[in-house]
Each structure stands twice: as structure tokens, then as C-alpha cells.
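Letter by letter, the chains look like this.
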Amino acid sequence: MNEILFSNQVIIYLLSESLLFVLLFIAFVVSIKIVIKWDFDSFSQKQFRLEKEAYLVSTITIFLFIIKFILLIYFVFTIDSLSILIAGAMCGAGVVTANEYGTYLLLFKLIIIATLILWFYLNSYDTHTKNYLHMKKKSLLFIAIFISIIFELFLDFQYFTNIDTHQPVSCCSTLFGQLEGANPLPFGLTIPLLLTLFYLLYFLTILTLKTNYRVLYIVSNLLFLYLAYYAVVYFFGTYIYQLPTHKCPFCMLQSDYFYIGYIIWGSLFLGTFIGISDALSSIWTTRKYIKNSRLVISMLTLFVVLSSIYVIIYYFRNGVWL
Amino acid sequence: MNRAFWYFLSLQLFKERSKHLTIIVISILLIFILSSVLFISSSIRFSLEQTLKPQPDFVISRLQGGVNRSTPIEWSDELFDIYGVTKVTPRVYGRYFFRPKGKSFLIMGIDAFEEESHKSLEKLIDSIDIKAFLTGNNMIVGEGVKEYLQKNFYNNSYKFLTPKGKFIDIKIAKIVPKETRLLSNDMIIMPIDLAREVLGYTQDEVTDIAFNVPNPDEWSNIEDKLLSLHYDLGVVDKNEVKKSYETLYNYKSGFFLIIFLILIMTFSLILYQRYNMVYSTEKREIGLLRALGWSINDVLRLKFMESFILIVTSYIIGIFIAYIFVYIYNAPLLKNIFLGGQNLQNSVSFIPIIDIATLSSIFLLYAVPFIIAVIVPVWRVSVTNPKEAML
Amino acid sequence: MIRVENLSKSFYHQQDESKILIDINLHIKRGECIILKGISGSGKTTLLSIIAGLDRPSKGKVLIDDEPISKLPDIFASKIRAKKIGMIFQHFNLFENLSVYENVTVPLIPSGLPLDDIYRAVDKSLKVANIYHKRSLVASRLSGGEKQRCAIARALVADPDIIVCDEPTANLDSQNSILFIETIKELHLMGKTIVIATHDPLFENLNFKSRIVPMFDGKIDE
Ligand SMILES: Nc1ncnc2c1ncn2[C@@H]1O[C@H](COP(=O)(O)OP(=O)(O)O)[C@@H](O)[C@H]1O
Ligand SMILES: [Mg+2]
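Chains as they are written, first to last, in my numbering: chain A, 42 to 363; chain B, 2 to 392; chain C, 92 to 313.
Among the hints, a few may not be true.
To be verified - With the Cβ distance kept under 7 Å, some of the chain B side facing chain A (calculated, not the full set):
| # | residue |
| --- | --- |
| 1 | Leu64 |
| 2 | Gln65 |
| 3 | Gly66 |
| 4 | Val384 |
To be verified - According to the in silico footprint, chain A covers these stretches of chain B (three or more CB under 8 Å from chain A):
| # | segment |
| --- | --- |
| 5 | 21–32 |
| 6 | 187–195 |
| 7 | 254–264 |
| 8 | 328–336 |
Source of the hints: derived by calculation from the structure; they are not laboratory data.
Where a beta carbon is used, it is the ideal one built from N, C-alpha and C, also for glycine.
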């Protein structure tokens, strides 16, 4: 049997994911019923029962969100700690790429968190209407989440059962290092250009937040998320590690860097996810304004300030840029 | 959620405490078992890491038929010539079997010309005159060895029998204090030439040769170079050792966890049954709350907070008891699962290690099944029709 | 204030439908005192619980201040119950293991009010209901009349416009019943809308203005 599967954390992780699925299945069945049979104007016993069961779905979803969030952190943590078991891996980067499932699994996890946040917005709009106006949309979204989680669970097991501990994996320096001058940045950007766009998009996001240009706001958020990833890996990260050649999104999650990666990635993902869900749900439910702008601003600002501060501190200490 | 809510919650919990008592007791017991095991395993892992830290990065030796043979000492000169290699140390060690019960101890030779090993020896035990120690027939023994020798009435010295059939009388010069843990408990340290004689090596042979490569990027490079030097050369790097230990303890605690899963599942079923019952007696009260203006969400919040407080209380108490059990009383009984079968290592004591990984693992393994088991009963009672209050 | 329109309620046992309330129309104005009078089993409790939003009708609707309480999501319906309606039950329905004081705080817990405001409101309504002196006693130790007064205090604590009572004197001796009617009179003078379901003849000639609505076999005879 695979020695990875005996790691305590992997066992606990897989168990929690599987158990959650039992609950999800219950909520899924109810959601299907709601999509088919929901009729708020009816006085029938069935409709009353459905309204009560809708509470079960939202209870489960709230619990799901909390646990999924904790499990995402736990997953990253587990990946990181597995790096000593796998030949060649120095941090999570090598472990995630140990087979073809890891990267997709991580992506799926992030998308599920984002969709759950969207669900929360729909839910809060829904509970503020006097006739459960968005109940069906909400249930459809839940069904979508459920299907994604089936895939995620499949990937979970595929991933952990297919890690070969003897097959050496690449470490982050080969995964993210520049090979023969090939530019790893998207759109053929250079670092200065990337940084300019990074800060510009940050301001654009904050500015459009208060206006009603919601599509622009969403696009700006998405672009910011995309470029911020590259900016952290290829620029800000090097200042966190204080080494111009060290380019890795995972090493900063380790204790050597005071787990700063959790805060950096956490604030980026939460900030953009909340912003996008906020705008998307208000378009979907045709509501006017966007709520929670303060939360989005503070998350994104925390992210930008935290990343930049490493650069500034380095410059003040050493008088040079990397 | 304001103070009034907490006030009411504490009131409810306090007045209804007998309802929750059994659940709390079982929970504490489960958490206690789980955290004891995880504490022990993380403590052992930590000790291993500590002992492995000063160990050399690489060890080479001669292989014959896949088995270690005595290594020619000239190989160390070849190592010096490789760029990036530091601290080349030829080593002599091996297990010595005492006749009476077939018990064995680890003998390690110390080179008179090795400054490095002197330093680490000095660190191991203060107040020892190394020069004097190395020139006579002396040895330093671990706590476990000392106890064993004393049991067999060797208080000051022991006569070793060499493979050539000669007896060598070696004096106990010092006893290694217990705090160094795990690897040194069954160890005997003696001058290198003495060790050669006891273990049956000739003058130009050693057991293996250790060295360091400070730059981790060079590791695979140097490994390749070495393997091309001699066809019968075998090389082991530190990470491999670390990994094999890690795997060993993962298997042990992994098997335990899998057994524990069955326990947790049973517990969840009991919880589900129990709370379905408890809450069915509360139907009227909840109906009353709803009639008095509490919404379904308010009741859900109340009931979940109730469960959450149960979870956190039993979590803290369980961990606290496990901490005392493992780190203060040294985990009687349970310890044998982890250390049993190994030579004399039972006198080991555990270093208190509490890390986020262990704490969060315990919490997840216990809290997730708990909440999953109560979620449906809690919901069921929360949506009680307020009309119940009228009946 | 309260408007009941074409209200019907049926219970189902397997396939059999039993009609408990049949096409009820009732209009209660602000400050009115309504006595729902009828023999046991005529459907008074069922009607009251639908009016107070504790149960759902099978047909028709109940409007409270133009809000259809029986067809609102729970969040809104409970808010109306909490703010506008005070309930007094036939069996008092106190939390037997809580003290009088604690019992009276219960309706205000989810209101989000600060604890000090809650305490103030509780003190006030304990005094109005004349049970302040017994506030720290556990509810199970109270006599019938005291339980009733504790229930009144609890019904008043959120300062609701409507007081709904189901057989309030069924478990009281005659003296306490008369005391209760006095309290109701005070509440009436304070301008509360009061709905009482009862078959007690004591309520037939009250010394204040009231409207008697007779109920029979789930119908209102008007
Ligand atoms: N949940 C129920 N299921 C079936 N029948 C019920 C239910 N609740 C009340 N009933 C019936 O409805 C009728 C009216 O009850 P109720 O409203 O309590 O009358 P009242 O309060 O005037 O005595 C009674 O015959 C009772 O048996
Ligand atoms: Mg009745």
C-alpha cells in the first residue's frame, strides 16, 4: 500500500472530505426537490415541508463552507509536510506536481470556495425577500457546487493514491525558474510592466467598486487576480525569500517565512472572490448596489501592502533592489 | 449574537447539563486517546529530527552483494578531491552482542585526530578529558547500557571478546546522560582503534565514510559522481534515512488512526441517536421559543452554539489530560505501541511538542464527524412548528 | 389591524380530510377586545394559532398591519411574532427550570437589544403584571395564579400591540380569574388589541367594551 496514504494528515483529510460528502448528498436531494417542486404560492403541506428543508440546505452549506475553508488550509499544510516523504520535493510545489491531478485539485478547491461565496451572496439576497425570490437560482447553484465537489473528491483520491514517493519530482526552482531565458509571464509582459499593471488594476478595482460598472469591476478583479499571481511568484516572492532566483508560490507557506504565504494568498483570494461574487450575484438577482465593499477593499489592500512592504523593507535594509 | 444570547445559552447549558454529560465523557475519552497517540508520535518525530540534524548528509560504504562490507580508508582521500564536499569522516561502529541474553549494543569509534567529533563529544558530556580518554582502554556508555551491565555485575569495566577470540578489558569512563535520547541510549563510545579491534576491522578499514555537502542543489550531482568512482560503492543520504523513519512512524500511527476511524464512526452514530432523542424531548420547548418570536435561524444558532461549546470543552479537557498523561506521566502502556520491540529504548521520555498540525488534526478528526452527526437532529428540532406550544 | 380573509384549515389523516376551520372572515380593529367564544373542539385554538402565525392555513390569509403573516418567510414572520404579538397559553407554558425573571427575558433574546435594555424592559413588565416580588423564584415553584402573571409579564415584555390568550382562565380558580380579567381591562385601557379564546362564562359580561364572536364547528356565527 502507498505510504502516502498512511500519513496521519492525509487520512484525516480524506476522511473529512468523504464524510462531508454524505451531508452534501442530503442537501443535494433537497435541492433537486426544490428545483422541481418549489411553488411559494402554494399552501400545500409539501411546500411547507420544502421551506423547512431549505433551511437544512443552507445550514449544511454554511457548515460546508467553514469546513471547506479549513480543509483547504489543511490540505496546503499537508501537501507541504509531505514534501519530506517525496524524493526531490523541497516544498508543496513539488508535491502538487507529483502527478497530473494535483494542480487541478488545487484549482478546483479554489473555484469551489469562490462558488460558495457566490452562494452566500445569493442566499443573503434571497433571505431579504419576502417570497424567497431567488430560491431556485440558489438551489441550482448548490447543485453546481455539488457536482464540482464530486469531481473534487474524485481528484482527491486520484491524487493521493497516485503519488509515487520514489519517483523524484522537480523542486520549485526547476518548476518556476526561467529556462534559457524563456519568459514565464503572460502576454509577453516584463517585470516592470507587470508591476505597473498590478498597481493600476488594484486602483481600478477599488475605483470601480463604488460605481455601477459591475462588468468592468468583475473583469478588473479577474485580471488583478491573474496578474497578482505572477507578480507574487516572480517578483514579490523573491523579496520574501530574499533571493532573486527563488521563485515559488509554496515556500512562503512554510515556517521559515512565518507562514506569511497563508495571509498573502488568503487575502488575495478572499478579496477577489468576495468582490467578484458580490458583483455577479447583484447582476444575477438584478439588485442595485454592491455590499461589503469595505471587506473587499481591506482584503485587497492588505494583500497589496503586505506584498509591497517586503520589497520596501529589503530596499531600506540593503540599499539595493534584488 | 449578543450578550443576551450568550446569557441564555449558558443558562440552558447549565440547567440541562445532565443531558449532555454522557456525550461529554465519551468525547473526552476519544480525544484523550487520539491526542495521546498523536502527541507521542509527533514527539518521537521531533526527537528523531533533532538527532538527525547533526548527522552527516551522506554516508558511503563498500557494498558486496548489496550488503555493507568494510570500507577501504583510501576512499576518504578521493572524497576530499570532490568540489563541494566537506567534513569527510571515516567511521568505525557496529553492534556488539553480549553473550548471556543475546542483547546487543552499538559501539562507536572516535578518531583521535578528528577535531569535529571531539567537539560533538564535548557537547554530549561536559567535564571529560578527551586526550586521556582516547589514549587508554576507556569507553563512554549510554544509560541503558550502564543499567544492563550493572545488572550483570559489571560495575567499572567489561571484558569484550573480539572476533579473533581475544579478551579486551575496557573501563567505563563516563555515562551519557539520558537527555540525549533515543539514539544514544544503547550506545558505547570508545577510541577508534579499540573499536576496530572489538569489531574486527584491520587498520586500513572503516565501517563507512560520512561527509557533508552544504549546498543542497549539489546533492544529486555529487551522488552521481561518487557512484562512478567505484563499482562497489554504496551511498545513502540523510533525507533517505529521515524518510524511512517518517514512513515507519506514519505506518504505526496510520494503523492506529484507521482503527480509530471505526471508533469515531460508532461515536457519530451514537451521537446521532442520542441527539435525536434528546431533541425530541425538547420539541415543546423549541416550539415555545418559536411561538415567542424566535426565528428558525435563532434556534439553529442556539443549538449549534450548544454543540460547539460541547465540542470545544471536551476538546480542551481531552487534550489537557492527554498532555499530562504523555508528557508528565510518560504515557504508560501506550508507549509500548510505539517503542516496543526496540532495544532498551523504553526508558525514553517525551519532549513536549504541541504543534498546529497535531492540534488541527485532532480537531478535524473529532469535530467534523461530531457536527455531521448532529446537523440533521439540530435542524429537525429547529424547524419545529411553533404550534407545538399551543398543544 | 388584524384581518382574516376566507380562512380555511383542514387536517389530514391519511386520506381523510377533516375541516377544522371553514371560510372564516374576521376584522379586528386596533384597540378592540375580542372574545372568541365556543365549546371545546370548535376550532378556537386553531384559529388563534393561525392568527398569531404559529400555524399555516390551508386556504385564505391573515393580515397583520397589512402583512400576510401566514405567507411570509420565517425570518419575517418571527419578527412580527416577536414585535407585535404577545402570547398567553392555556397551560401557561413557562420554562419550568428557569426563574420568573429568566422566563420573561426569553422573547427579547433574539431582538439584538443590549442586555441592559432587556433588563429594563423585563423589570417594567414584571411590575405591570404584579409578579416583580417573585422574580427570582424558579417557575416550577409558582402557584397557578403566579404562573399566569409570569406568563402575562412575558407576553408584555416586548411591548406588543396585540395580546392573544388561549383559554386563559381554564387553569385558574375563580378569584384568580377575576384578577386576570382586571389585568386584561388595564391592558385594554393601555390601548392593546386583545384576542381571547374561551368558553368561560365569566367573559360574557365584562365591565369594559368588548366584542363577543361565537364560534361553532369551525365557523363564525356573525
Ligand atoms: N394537529 C391536529 N391534527 C388533527 N386534528 C386536530 C389537530 N389539532 C386540532 N385538531 C382538531 O381540531 C378540532 C379543533 O381543535 P381546537 O382548535 O383545539 O378547538 P378548541 O380550542 O376550540 O377546543 C378538534 O376536533 C381537534 O381534534
Ligand atoms: Mg383550545
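Hint status (Cβ of valine 384/B to nearest Cβ of chain A, threshold 7 Å): 4 Å, holds
Proximity test - 8 Å, beta-carbon atoms, the segment 328–336 of chain B to chain A, at least three hits: Not satisfied, violated; 0 residues make the cut.
Interface hint outcome for glutamine 65/B [beta carbon to chain A under 7 Å]: 24 Å, violated
Per-stretch coverage check for the segment 254–264 of chain B, three Cβ contacts closer than 8 Å to chain A: holds (count 6)
Hinted contact glycine 66/B with chain A - closest CB pair below 7 Å: 22 Å, violated
Verdict on chain A covering the segment 187–195 of chain B, criterion of 3 CB contacts below 8 Å: Per the Cβ count (0), the hint is violated.
Stated coverage of the segment 21–32 of chain B by chain A [criterion: 3+ residues, CB within 8 Å]: Violated - the segment 21–32 of chain B has 0 residues with a Cβ nearer than 8 Å to chain A, which falls short of three.
Hint check, leucine 64/B versus chain A [nearest Cβ-Cβ separation less than 7 Å]: Violated, about 19 Å.
Against the hints set out earlier in the document, violations occur for numbers 1, 2, 3, 5, 6, 8.
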